[in-house]
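> Sequences listed follow chains A and B, in order.
Residue numbers for the first sequence follow the working numbering, beginning at 550 and rising by one.
Residue numbers for the second sequence follow the working numbering, beginning at 5 and rising by one.
Check each hint, because a few of them may be wrong.
Short, incomplete list of chain B residues facing chain A, as computed with Cβ under 8 Å [unchecked claim]:
| no. | residue |
| --- | --- |
| 1 | Q34 |
| 2 | N105 |
| 3 | I187 |
| 4 | D208 |
| 5 | I212 |
| 6 | P284 |
| 7 | G286 |
The hints are simulated quantities; they were obtained by calculation from the structure and are not laboratory data.
Glycine included, C-beta positions come from ideal geometry on N, C-alpha and C.
In case you want the letters, here they are:
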Amino acid sequence: MRVFFIVAWVCLLVNMAQAQEKFTLNGYIRDAANGEELIGVTVYVKETQAGVISNAYGFYSLTLPKGTYHVSFTFIGMKTVERIIELNADKSMNIELQEEVLNLSEVVVTGEREDEHVVKIQMSKNELNLAQVKKLPALFGEPDIIKTIQMLPGVISAGEGTSSFFVRGGSADQNLILIDEAPVYDPSHLFGLFSVFNADVIKDSELYKGGIPAQFGGRLSSILEVRTKDGNNKKFGGEAGIGLLASSLMLEGPIKKDKSSFIVSARRSYVDMFLKLADQDNLVYFYDVNAKVNWRANNKNRFFLALYAGRDDFNFDGEFGFDWGNKTATFRWNHLYNDKLFSNTSLIASKFDYGLGSSTQSDGFQWDSDLTEYSFKQDQNYFFNPRLSLDFGYHLTYRQFNPGIIEPGEGSIFKSTALQKEYALDHAFYAGLEHQVSDKLTFQYGARLSIFQNIGEQMVYEYEDVNNNVQPVRTDSTYYGDFENIKTYINLEPRFSARYIVNESTSIKASYNRMVQNTHLISSGTVPLPFNTWAPSSTYLLPQKADQLAVGYFKNLNNNRYEFSVEAYYKDIQNVTDFADNARIFFNQDLATEFRQGASEAYGLELMLQKRKGDLSGFISYTWSKATRQVPGVNHGNEFFANHDRRNSLNVVATYDYNDKWTFGGNFTYGTGRPITLPAGSYEYGDGYLPDIITERNGYRLSDFHRMDLSATLTPRKNAGKKYETSWVFSLYNVYSRKNPFSVYTRVTMDDDGNITGDGTQKEARLIYLFPVLPSITYNITF
Amino acid sequence: MKSLKLYIGLFLFLVLTWSCEETIPIDSLQTESKVVIEALVTNHEGRSYVKLSRSRGFYETGATPRITNADVRVTTSLGETIVFVHNPTADPEKNGYYWPNANFTGEVGLSYTLNVTVNGEVYTATEELLPVTTIDSLKVKVDDEELEDPEVPGRIYSVLFYAKEPQDRVDHYLFKFYRNDSILLDWPTDIYFSDDEVLGETIDDVEIAGYYSEGDVVRVEMFSLTRKAFIFYSDLSNLLNNDGGMFSPPPANPRNNLSNGALGYFQVSAMDFEEMVVTPPGD
């Protein structure tokens, strides 16, 4: 708190020092076509040569001395709006931007330089262009933002067919994935073939890899913010898509024109057929439902309610099955206290749960596990003047971890068993100041104070040796009642960014941030399973801490047609959570004995060339990176490559608007193979078993991964009188059908039925690869 | 816990339904050959043995090298020492096997220490012989799927297992199933073991491995395991069924009870068995 007050005081003083007759101009910036708020619009004042960017709610605020100003509102893909404003009183002005249509008959307004890439202070952040994602080739024709995120610089995937991503040497659980501010604990459908994000309802998404503002916390490596559309408040409309694997329907429209709107969207797969599971009793599907209502009471008060629910359900012969899913709810209230103070209050709930069950006679059971969280967030933006703004706030989160309950079926050999629940309270206070020191130099500095409490009700055991995971010996136990404090961890997370403009088209940026993570994923594979559980920091699990330094060079070329950047980062992680060799992480009453925490180091260089405008758009990214770990009790305490360490990664993403009818898209991805553990020999034991001898964790690598995908989108000319538009997306995944390695395992030589071939003394290594060339078609209707 | 493990294995299998596979060559790191000890002391006469061999390179084939000149002895917690001698009948099939030189049966409640000396290097392990739950009975059932479409003609019966799991003590079990004296595994890397953490008292109708024809002799053996032995078999099973570290943890050597870096395990178990000739149910 102290830091926050000091920062607030500094701001006030700075503000007062500059006291003269000043007025504030503010308002919301929206898309004229559907009333959606536009985020990241550059509001530029010609006279002062300074500007602001509209915030996450499309709100901007500028405080200027009395006078007349030329103010321009610039946003990629939109016509720039310029207004001459006589500022002699506080003024509220909402702006609507029209989509830029490059038609000869229309006058194209060219605005100020679109140089946000160079000018903004935020580095290490990538935004996804949703319109582009939808035109890119996609596996089974399902557009998926996570698959595009996996191609960004500094981001690595573990292989195709997974929804995990690894940012700057961090593991998959170090990413905070938010949908409308609510965390999503497992973003996968069908074990990662698709993500939970339905492209129809996504408005925008941003990935913060470094220079993370003080407003965000809780995970070490990245923040993925996905925001859904608010719904068209001008006219009723919708979109339907029919794909090979799933179909979706989205409806949106005004409840009261210009005042309130709704959007609902649903998607369901029919993988059932795709799996070709012969028996009719088998059921395999996933679904997503998104819904949002949004109400602008007046210019000072806005309300949103956003809901998401998604689930995967697998059932075989009615005998056994499993399911998992996320549910989130976000209620938000945007309030303008006065011309300069914008506030956002959110109430958030999120639940992830999974279940496994069998209904066979002797071993019937139902196993359920869940994680539930409730948050209250209070965020404020205070706009002192165009050169100084303050973000501050308070977040409170309550989490309940239920690692597992087993209930037996009738006549089952099992008995009812439950693992202990765990609870946590998490407070965070933050303040961050963005300060334009001179025309060339801007700083952003702040801090986040996280106060984490592991609380009751819980019985905490003491162990003779907490690292003895073979035969844990409990020596004592302490009972903690409801909300009783078990363990508190207080951490201050400083954040700092700087940007220096070298010239019109060039800037240099640097940042440092410390992140702290108090929720830990209990997973020891490379890619998390939906059946992994989470645990809070506790007596036996220390908070994970990461310090990251990044520097970057940002350059716009050819009159801002091309955006080029180079970034280098160094990340040092303390107490990275890992697990003992051979850890038993499923349904373990003494899970504390399996935790091993250690150090992790990651560094890398990222190059990115992006073209956002024009017929041909897309990006090329290249990353050189390295990530290692050294954890006592893992790999004999020797340093090893992190599971997601891949030295080189090159990605090309492009779309080309050939004409009004045809758009073409392409992806190319290349990456060094991920590290794997291979045997140094084998031996005989027991009933014909030939176990491997393991000498070194992750001592080998899979062979290189590369793949090209192509797509073509056909949008037949809209017939006069027809109220809808259709499009066909043809995709070709893995064009040259490369057998890309997914994993390698070993076995005794055998045929496909499991019959040993030879004399049973011979071993072989087996390469698993996923998709050959796969064509797909998706049909979309927009109305 | 076997069943739960089975289901977890199934998810992985499912993921892999999308996948294809092929055999590839790998550059296998060379490591010095290690001593492998497979030793068992039970409360059944004639069933205790020690097998000594060495590990070998990944791509080497044929039987692993056997150690035939070791000094092997087991000492009980009562101070009695039993010397194990190498292959007394000089059966070439039994190279590397050592048997007690006198009648020897383990006793519940005693501890046993194994001492193996190979070329001056000493390997030891100590385990306690824990009691084992008794098998109530076995029953034969017609398996509907096999009846419809038998994998091997006539093998249409499955065998059900019955027992009472004592709820007042901690148990760990290893099971072995035999059809006409041959060990039976549903899959070559299967190991049938369990702890009793989530087991209720009534263990009814549990299907054992394999399908049987009329007249087959089915034999079920249930061994008691120490906690350490259970962990060893659990680790061994994870290693044998590892997917290469994608969803499974990175493969690692099983934790064992042997000193001096030897591989394998010194298992000390009480054993109960049940044997029957398969006859159609209701006969």
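> Taking the closest Cβ pair, is P284(B) under 8 Å from chain A?
violated, 20 Å
> Going by Cβ atoms only, is D208(B) closer than 8 Å to chain A?
holds, 6 Å
> Taking the closest Cβ pair, is N105(B) under 8 Å from chain A?
N105(B) check fails; min Cβ-Cβ to chain A is 24 Å, beyond 8 Å.
> Are I187(B) and chain A close enough, Cβ to Cβ, to be under 8 Å, as the hint says?
holds, 5 Å
> Would the hint on I212(B) be counted as holding, given a Cβ-Cβ threshold of 8 Å to chain A?
violated, 11 Å
> Closer than 8 Å between Cβ atoms is the bar; does Q34(B) clear it against chain A? Give me holds or violated.
holds, 7 Å
> Does G286(B) pass the interface check with chain A, least Cβ-Cβ distance below 8 Å?
With a minimum Cβ separation of about 18 Å from chain A (threshold 8 Å), the hint on G286(B) is violated.
Of the numbered hints listed earlier, those contradicted by the structure are 2, 5, 6 and 7.
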